[in-house]
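Enquirer: One-letter residues, chain by chain:
There are 2 protein chains.
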Amino acid sequence: MADINSPVEIGVTTGPIRGSRKVYVGARTGSGVRVAMREIDLEGGEPSVRVYDTSGPYTDPDARIDINAGLPGLRSDWIRSRGDVEEYDAREVKPEDNGQLGPDRSGGVPQFPNTVKRPLRAKAGHNVTQIHYARKGIITPEMEYVAERENLGREIAADHVRDGESWGAEIPDVITPELVRSEVARGRAIIPNNINHPESEPMAIGRNFLVKINANIGNSAVASDVAQEVDKMVWATRWGADTIMDLSTGRNIHDTREWIIRNSAVPVGTVPIYQALEKVGGVAEDLTWEIFRDTLIEQAEQGVDYFTIHAGVRLPFVPMAAKRVTGIVSRGGSIMAKWCLAHHKESFLYEHFNEISEICAAYDIAYSLGDGLRPGSIADANDEAQFAELYTLGELTKRAWAQDVQVMIEGPGHVPMHKIKENMEKQLEACGEAPFYTLGPLVTDIAPGYDHITSGIGAAQIGWYGTAMLCYVTPKEHLGLPDRDDVKVGVVTYKLAAHAADLAKGHPAAKVRDDALSKARFEFRWRDQFNLSLDPDTAEQYHDQTLPAEGAKTAHFCSMCGPKFCSMKISQEVREFAAKQNSDSYLATEDLKGENTPQERAENEAGMEEMSRVYKAKGEKLYLPEDEAQ
Amino acid sequence: MADINSPVEIGVTTGPIRGSRKVYVGARTGSGVRVAMREIDLEGGEPSVRVYDTSGPYTDPDARIDINAGLPGLRSDWIRSRGDVEEYDAREVKPEDNGQLGPDRSGGVPQFPNTVKRPLRAKAGHNVTQIHYARKGIITPEMEYVAERENLGREIAADHVRDGESWGAEIPDVITPELVRSEVARGRAIIPNNINHPESEPMAIGRNFLVKINANIGNSAVASDVAQEVDKMVWATRWGADTIMDLSTGRNIHDTREWIIRNSAVPVGTVPIYQALEKVGGVAEDLTWEIFRDTLIEQAEQGVDYFTIHAGVRLPFVPMAAKRVTGIVSRGGSIMAKWCLAHHKESFLYEHFNEISEICAAYDIAYSLGDGLRPGSIADANDEAQFAELYTLGELTKRAWAQDVQVMIEGPGHVPMHKIKENMEKQLEACGEAPFYTLGPLVTDIAPGYDHITSGIGAAQIGWYGTAMLCYVTPKEHLGLPDRDDVKVGVVTYKLAAHAADLAKGHPAAKVRDDALSKARFEFRWRDQFNLSLDPDTAEQYHDQTLPAEGAKTAHFCSMCGPKFCSMKISQEVREFAAKQNSDSYLATEDLKGENTPQERAENEAGMEEMSRVYKAKGEKLYLPEDEAQ
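Each protein sequence line maps, in turn, to chains A and B. The first sequence begins at 1 in full-length UniProt numbering and counts up by one. The second sequence begins at 1 in full-length UniProt numbering and counts up by one.
Keep in mind that a hint or two might mislead.
Just so you know, same-sequence chains aren't split out, so a pair can sit in one copy or run between any two.
Dumping the calculated EDC-like pairs for lysine to aspartate or glutamate here, alpha-carbon to alpha-carbon at most 20 Å [stated by the list, open to error]:
(1) LYS426 x GLU165
(2) LYS421 x GLU165
(3) LYS426 x GLU395
(4) LYS323 x GLU576
(5) LYS117 x GLU86
(6) LYS323 x ASP163
(7) LYS421 x GLU92
(8) LYS136 x ASP294
(9) LYS323 x GLU573
(10) LYS94 x ASP294
(11) LYS94 x ASP163
(12) LYS323 x GLU523
(13) LYS323 x ASP515
(14) LYS569 x GLU285
(15) LYS569 x ASP515
(16) LYS123 x GLU86
(17) LYS569 x ASP286
(18) LYS22 x GLU523
(19) LYS421 x ASP544
Please keep in mind that the hints were generated in silico from the structure rather than gathered at the bench.
Generate coordinates for the entire structure from the input sequences, incorporating the hints supplied.
Expert: Spelled out as structure tokens, the structure:
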């Protein structure tokens, strides 16, 4: 039995990501808001590159990290200064909150030493959501933070040329706080940040912002403990997770969540029905609105930033799913389907939706309306059950908006490529452009062990079409619980998919990093190439497996081909030579299709021979000193 | 120094792929052609599933494997019985063929003990290409083999419903030998099989057939030896490589290739300019048509099935590439660009193209017209240089077709998602639907170490749009030489991308495997799930990391959630219950959008309460014995 009063040893990864340093960029509004970013300095006088940073204080060498104390409350003053919140005595933690274990907290999860005893909620008659402020025309510090963060602290170059197909998204050249406000006001973007999670750094999810990714962690009935999960959370955000979801089941759910939230610099989402089910011993039929509501309050006070609520799984839809190859693959969805069938009543989530919205409004918790009927196989994609639920989620979106509550919509799942676009189009139409948040989708079912890739393919595409956040999938999907390495592979895979989507949408901030890395590659600045990549450690490690020598890091050839065969090297020589001889002037490109007159050809050929003579006369050197080059 | 007369110990992986057995399916024409396939037997009375098999005799327990002897000549009789070929004395192997090493063959590459001393070529005045036969209306055994192979030995179910977006491809329900002939005749598909590589199993590359993948192997100046490369070839084809390319550079190119071809059951491609460059000591300017031509004959006699020829890199295009961020990233392209600039002459490949075609016609070697000017970065995608070359490749395609030579076209490279479709459309238009063979494309530059994924995303999309073969990329791309594990990851990644493309195109044979695996997943037939996957070993290994126990392989819950939270388990209960109560009858789906009349609603609710009473009366059991269920 762990002593709940002594500090716990939880090891997490700290320190800068290789080749970069933490910077804090002041909002150009001069309001004093400082936005954390990562800056990558380059060699050869190249301008440094700023990249979006989700890693929180853990990558700041100057930050003091104490897992037992939690992170500082970045947003505390912003929240209190609005004068619309009040402290109150927190709900008493009950034994069943941790899985009916009673006071003896076995299972390796001690209570967090620094729990919030006096949480905040909206004063009676007030609404503390960002959408509520936005609709009143108020630009909050959270919105300022988001604007600067989305701009990556850069000014767009005057000569910047937009290039992309945005499928109707309206991404401006520069994100202003006012734009953030208007996007949040019309429900096209959300800023998930519970007033009881002041440790979180504001971020936005919406189709006119950078595409975000979520990483799932959490205890399961089968394995894992709290130290492991806190470490996974820090590890996932280090590599780029924009939000994390705590999907703990089994025992110690309450305490595990407290450890995670107090130490998380990114928004934390949950699926409250999981904990509610534990409270009734896993018997879906025994779930009641009262138990569920109490669970929402419990989690709201801890600071959960968004709730997955499967209110779209309505009784009439259940038989549609019964016809499927893989039935209902959403845990929350199957739990509610069972409840509905057992009682032959409409879902209590659907019936009590407005009361749930009231809770969300009092803490600023965003909805993530769950797709309990998402397809679990290629065969079930885009079927009646899936779309029946989607249109119900659209109806619920409008009800939530009517109460000034932020909403995003969860999506599939397993979908072949030719059916992905229809998912995006129907979601935009049914849900009034509320942010779409999809799991993959996986574009084939036949590659268990590689489903981070089958889903990354679908994620990149649906992200391009307009999905605002992509829920990662790890190599262990369908097979087992992800370990630390799986979490990293899943996060990096989804970062590259999200970035590919930003590029294709034509996001003005996206291409900078690709161009910087490619230029470094062409100029054999190996270290810059490593440092600009999503995973510098792996990039350098792979390189060193072939050419370990330090010298190789400055070698002017690729480790694949060796010096003689390096196309980049030859290509540089070609470029130099072509430039020196101003080749363009006489290499008549009009001749491409052989349209020149005989005389033009003759002139060209004469020019060729002359140049060949000059080249030989100058010793057949490709690199000529300036003076000889004329 | 290795003794060239004693057998060499080369270890390769043999034996069936887990959970499957080799079967030989006779062509339904009754011609006696037997096609190798892999059959996966399932539990619970499920029908077995036949899958495409590239692994050759190595996975046949009855086959005798002797690397020093090479594989049997499956096609020898077919080739000779046509009466249009003649044996002749092979070209003398010269020291420079192996990198000017002289008779002392150091470098770990002994001569293959069983080299062909009397190769075949077309008799004077004859053409032995499949396109030549096809245009004469002849259906060859190779075409029969391909037809049966593409059908996966199955008959299409009468109730089969087509589902997909083929972007203009015309995939029939069943592939007939006549269809293969007509596709080859019009140049829309190729069957690469040099008459001196009778060991190869016929396969087709074309947009109306299953999407294929290629794996690159080969020595490099920096590392690796022949045993390693032969093993990689066997390993790559075991996991699904439809063709392999030997991209050896440095020393021992000739001998390495002989070992690979004699033991390869799939077509082998090369880039002859690599070896030619070695013959002139790596000095591009010193390359001559004579040396190149001699190299083509050398490789033709060994049995190379397709040549990458960079004849589209014309002198006038070179300056266009000089303006790029990453210049010319194709090795062959940069070599030819350097030659062109140095001599200020048109490429000798372009000038002598018809003579190259004559060689191809005499051995049935297919062109893989190289994209020497493919973009090497997002910044260079779809630029002037790339498309100028593409239209030249279109011109060369028609010239090759005029000589009855098979042709495919190589494509990019690095391309953001929104520019991928244009590549496919321009290629179809410029090259008259000759098969497109692309490398990726990579959809972002910022993920070195994960470029099998960045490129797999692009490959799946361009495969969907109509690309016939996808050249794999391993995790080591841009960083180092792939090892055995990298080769497998690259192959499996590309198999899943190609399969995702087949699904999206609506190929009638594709979805069978997805449905079988998903059904197995839903029914907790774990072993079937493993065996139906592209990589059964990894799937089972991942599963066992969480639930090692043998019992878990038949457990009725997923290893992620544990019994209580398994959505599939709950979902099965829901299905059973819904079925038993014929729920559909009274769960009025018209009520979805709440359009029922008050009376209809009242009736529905009455029905609900009745069903709830029945459910409770029967002991709230979800599983009811048949007799109680009425």
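Enquirer: Hint by hint, say whether it matches the structure.
Expert: Here is how each hint holds up against the structure:
1. Taking CA atoms no more than 20 Å apart as the test, LYS426 paired with GLU165 passes in both settings, with 19 Å inside one copy and 18 Å between copies.
2. For the homomeric pair LYS421 and GLU165, the shortest alpha-carbon distances inside one copy (14 Å) and between copies (12 Å) are both at most 20 Å.
3. Taking the shortest alpha-carbon separations for LYS426 and GLU395, only the intra-copy value of 13 Å comes in at or below 20 Å, while the best inter-copy value is 44 Å.
4. Taking the shortest Cα distances, LYS323 and GLU576 sit within 20 Å of each other only across copies (10 Å), while inside one copy they are farther apart (66 Å).
5. In this homomeric assembly, LYS117 and GLU86 come within 20 Å of each other (Cα to Cα) only inside a single copy, at 13 Å, whereas the closest approach across copies is 92 Å.
6. Taking CA atoms no more than 20 Å apart as the test, LYS323 paired with ASP163 passes between copies only; the shortest distance there is 19 Å, against 44 Å inside one copy.
7. Taking the shortest Cα distances, LYS421 and GLU92 never come within 20 Å of each other, neither inside one copy (47 Å) nor across copies (59 Å).
8. For the identical chains of this complex, LYS136 and ASP294 are neighbours neither inside a copy (31 Å) nor across copies (80 Å), given an alpha-carbon limit of 20 Å.
9. With identical chains, the CA atoms of LYS323 and GLU573 are at most 20 Å apart between copies only, with a shortest distance of 13 Å across copies and 64 Å within one.
10. For the identical chains of this complex, LYS94 and ASP294 are intra-copy neighbours only, at 11 Å inside a copy versus 84 Å across copies, given an alpha-carbon limit of 20 Å.
11. Proximity of LYS94 to ASP163 under the C-alpha cut-off of 20 Å is found in neither arrangement, the shortest distances being 56 Å within a copy and 53 Å between copies.
12. Taking CA atoms no more than 20 Å apart as the test, LYS323 paired with GLU523 passes between copies only; the shortest distance there is 14 Å, against 58 Å inside one copy.
13. Taking CA atoms no more than 20 Å apart as the test, LYS323 paired with ASP515 passes between copies only; the shortest distance there is 14 Å, against 49 Å inside one copy.
14. Proximity of LYS569 to GLU285 under the C-alpha cut-off of 20 Å is restricted to the inter-copy arrangement: shortest distance 15 Å between copies versus 69 Å within a copy.
15. For the identical chains of this complex, LYS569 and ASP515 are intra-copy neighbours only, at 18 Å inside a copy versus 49 Å across copies, given an alpha-carbon limit of 20 Å.
16. Proximity of LYS123 and GLU86 under a CA criterion of 20 Å is satisfied intra-copy only: 6 Å inside one chain copy versus 95 Å between copies.
17. With identical chains, the CA atoms of LYS569 and ASP286 are at most 20 Å apart between copies only, with a shortest distance of 18 Å across copies and 70 Å within one.
18. Taking CA atoms no more than 20 Å apart as the test, LYS22 paired with GLU523 passes in neither setting, with 26 Å inside one copy and 50 Å between copies.
19. Proximity of LYS421 to ASP544 under the C-alpha cut-off of 20 Å is found in neither arrangement, the shortest distances being 41 Å within a copy and 36 Å between copies.
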